[in-house]
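Undergrad: Residue numbers (our numbering), protein chains in the order written: chain A, 1 to 595; chain B, 596 to 1036.
Everything labelled a hint here was simulated from the structure, so no lab data went into it. Just so it is clear, the structure is predicted and the values come from calculations on it, not from any experiment. Possibly wrong hints are sitting among the right ones.
Computed spacing ranges between beta-carbons, pair by pair [said to hold, decoys possible]:
{"#": "1", "chain 1": "A", "residue 1": "Glu79", "chain 2": "B", "residue 2": "Asp668", "range": "52 to 60 angstroms"}
{"#": "2", "chain 1": "A", "residue 1": "Tyr147", "chain 2": "B", "residue 2": "Glu748", "range": "44 to 52 angstroms"}
{"#": "3", "chain 1": "A", "residue 1": "Tyr148", "chain 2": "B", "residue 2": "Tyr1001", "range": "27 to 35 angstroms"}
Stretch-level coverage of chain B by chain A, calculated; a stretch enters the list once three of its residues show a Cβ under 8 angstroms from a Cβ in chain A [to be verified]:
{"#": "4", "region": "678-690"}
{"#": "5", "region": "803-813"}
{"#": "6", "region": "850-862"}
{"#": "7", "region": "1010-1021"}
Calculated lysine-lysine pairs in the BS3-like style (CA-CA distance at most 27 angstroms, straight line) [what the hints assert, rightly or not]:
{"#": "8", "chain 1": "A", "residue 1": "Lys338", "chain 2": "A", "residue 2": "Lys6"}
{"#": "9", "chain 1": "B", "residue 1": "Lys930", "chain 2": "A", "residue 2": "Lys87"}
{"#": "10", "chain 1": "A", "residue 1": "Lys19", "chain 2": "A", "residue 2": "Lys6"}
{"#": "11", "chain 1": "A", "residue 1": "Lys501", "chain 2": "A", "residue 2": "Lys446"}
{"#": "12", "chain 1": "A", "residue 1": "Lys512", "chain 2": "A", "residue 2": "Lys446"}
{"#": "13", "chain 1": "B", "residue 1": "Lys794", "chain 2": "A", "residue 2": "Lys146"}
By construction, the Cβ of each residue, glycine as well, lies at the ideal position given by its N, Cα and C atoms.
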Amino acid sequence: MKRFEKVKQLFIRNGLFIKLFSVTLFSILLVSIFITFSTIRVSTDLFMETFSITNSKIIQQITTQFNSYSATVASTINEIENNGVIKRVLSEEEMDSVTLSRSYFQINQELDRIYTSLQAFDANLIVTGQEDRLYNLSYIYWPVTKYYLDSLEMTERTFEEPRAINYHALDTAVIEDEVIVATKALTERLSDDIYGAVYVSIRESQLRDFYEGYTSEGNDVVLIDQDGQIISSSQSDLMGTVDTNLRSIAESTYLSNQEHTSVDIEGREHLLISEYLPGFDMYLINLIDRQQIVSSLINTREILMISGGIILLALVMVWFVTRRITKSLTRLVRQISKIAQHNFSERINETGGYESRQIAQAFNHTLDELQTYVGIVVESQKRQQRSELKSLQHQINPHFLYNTLTTVKFMVKQGDPEEAMSTIHALITLLQSTLGEFGETITVSKEIENTKNYVTINQARYGDRIKVNYFIAPDCESIQVPKLILQPFIENAFFHAFNQKKSGFIQILIRKQESRLLAEVVDDGDGMTLKTEELPHDNKKKRQLFSGIGMRNVHERIQLMYGKDYGVSVSSEIGKGTRITIELPIIDEDQHTDI
Amino acid sequence: MKKLWMMLFAVLMVVTLAACGNGEDEGDETGADDPTEGDIEEAPEGDEDDITAWAWDPNFNIRALELADDAYDGDADVELEIIENAQDDIVQRLNTSLSSGAMQGMPNIVLIEDYRAQSFLQAYPDAFYPITDYINVDDFADYKIEPTSLDGEQYGLPFDSGVAGLYIRTDYLEEAGYSVEDVQDITWSEYVEIGKDIKEATGNNMLTQDPGDLGLIRIMLQSAGSWYFEDDGSTPNLDNNPALEATAEAYREIMEADIVSMVSDWSQFVGAFNDGAVASVPTGNWITASVTAEESQSGDWAVVPMPKLEVDGATNYSNLGGSSWYVLNSDGKEKAAEFLGNTFGSNEAFYQDLIEEIGAIGTYLPGLQGDAFEMEHEFFGGQQIIADFSEWTDNIPAVNYGMHTYAIDDIMAVELQEYLNDKPLEDVLNDAQSQAETQLR
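Isolated chain A, as found in the complex (with noise of 0.2 angstroms):
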């Protein structure tokens, strides 16, 4: 589960550079195999049309050449058929010796004339007459006896059509080649009498010869008769086999006058082209193993090994581009997100590609500007609470003067100029010190100073009913502290705190404690119900008695001051008394320092 949560972490940092990179890898692969299938598939298809214009042609050169021996065949045979001589020679019946000499002699005379034409195309001639005569013009090429070629169909079927010039396919187990021999009987002109018959035999190797510079592996020169049976081949195992389909398709290529069909031969696609050779009526066919002759001349796996090659590269490339912009960007993105942990105070590094390190700069800028203005307005509302201070420091509340000042009439006016006096001093004192001095601190032993007058007002007007106590530590007296931090506690002890009770005492205390000066304002009145240890809002409608300084106001002037680890706070419990605790820290006078 935690390996799972990393690896989809690693994604998650990674995302950009995964989304780039797979969007990329997709796209160069779709080009590639596009490019590499449709180059392959169209160089395939020109490269078949221009073969098999080409094979055309070379099927028609093949066709010339079986058709000029068919045509020397054909002339042969009819010279035979119309020389008196060898007709008189086959049409004699039993002669003697000399006789049979004599027409042997002549008969062989004019064979060797004729056959001059036929050793060209290296075929044999044999003539058969009557009873066993035979002439064989070149037994080494087919060594036959009269008896075996009476005994063969094609002689029978010979004499069915005399008329025909025939051709047939013949395996001969004497020469270890099959012989395609052409056949005619020789018949009387008038009577139609049949006195002998033309054999024209011509080895398969040596028909082979006619086609057999132009055919390949895969690019097959077949002859197949009209039933079917090939009787020469390129493809040796395919001869005196059968194909009456393939003699069909090689009909209807011929009639349609097409250029070539295509035709499935055991399952692997081939073109063929055909033509019809009208002396042998059989069909030439060219046959073209697609597959093999493209696989020959076009080396798909070479163009299949550059583009893999290529597709590498790219990615290669891909990778390392696309993971040195990322990783930057990425970089910059884990940076920006830390920021705020620092208080945006942390600068940006400026590193990475250009644009990157556009971004960290910009980025750095912004902040930069944004830590002066947050400086700017910092400084300023310090300042205004300050001013804000000032101002409330000043507003000495006019009731409280003339209160004060009519309880010095009636001192007065009661004779007791001793007590007016004081009462007159104290007010002069208080004012003086708060009026006066533009400092913003005071030693404590001051503070306690107007503290004091500040009481001794209090009591002139009112009794000494609430006395007050003050407990000041010797080394505490030089102190720094704020102006009139003690006052405004004081001020609420003696209103607020013995409305009940009518008498009581306050006791102020300051000591060190620790690094800390502690003043504490606790009385014994009345107490209060505080939720926590904060100070109650200072009333709006309770006009402050003396200045304008509240309970609420020492303690934030002291946060602003000092810092959050200042400040004042409240203990109260009801019927018992309240407790006040001032925390400040220890400055001394030589340290004092305007703020």
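Start from chain A and add chain B according to the hints.
TA: Just chain B, lined up with the frame of chain A:
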């Protein structure tokens, strides 16, 4: 950063170039493998070790070549390819090739009949490779040297003797009331009489003849110590030649006796005696292999000396055919000559094999002895035919074949038909003489 780019670029270039290079290599390879290219070359040029030989008789001289291939024990590594061609074909193709000077498609070794040898040697002296250094000329029968050499250089390696005999069916003889003794040393007239009787008794003709082939005429002529030419080998000697007159008369006598089967080719010729259609075969000893090929006739044959003419100088001994091996002056000639020298030129044991396997009688004198010569042939009723042939060989009258034997043959074939057609013999020979003089001038 720049470095990285340069590196990537370099890698790309290298890979691309390598791919291209590969492509070219593969192209070259497929080119070399293309079967059509290899097939254009003819066998002799194909392999250094290959030598090709042409001969015509599968029962005889082709078998002899096969035996020679087995017997060869020379240093060179020889692959012999033997090709069977009709003799006429060989002659025609040699003439075509040699006259054009193109040796392509020609064999290294070719068998040429002695009658024709001089016509080739004299017409194309550079086309043949002299083998004088590869054999010892004195080891061969004298009568074979003249037709096979030219200007003191030996060109042909003499092969078979060509000594002629009359192969005759003893069973047919018996049926007609004759014995083998009755056909020993007879005349052609006697031969005709016997033939008539045999035909009457068995219905079979006495012999076969191809009207276009005057082998029998040549046998008769040489048996009387005469030839178509004077001793110089070039002056026609046709009219006023008593031997030729006697020959023509004997030939006509045979023909008119109506005891001849006509054939028009070699296979019909062989077929006739193998089928038992004729009672005798007057020809060269090289026919032994073809005769014995028909095993069912074992014991029914005998070989006797040729019948003789009734003219001065007539003998019962003659010669027909006989051929010799020639090396063509083309690539591989040394190897071919070495092969011939190692086998036909010096190997006595090989000649014994030739006799035992195919009954071929060589003309290598050291090979004309040994057990094989005394061998009694079952097929010929226990006759020691090899010994007999050898004996007859010594008695063959020597003649000079010259270089135009077959040219005269052609003239004589036509004229003989005229003679059979009742043209007076004197006119026949006169006409032949004048034709020959015109043609050979």
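Undergrad: Which hint numbers doesn't this structure obey?
TA: 9 and 11
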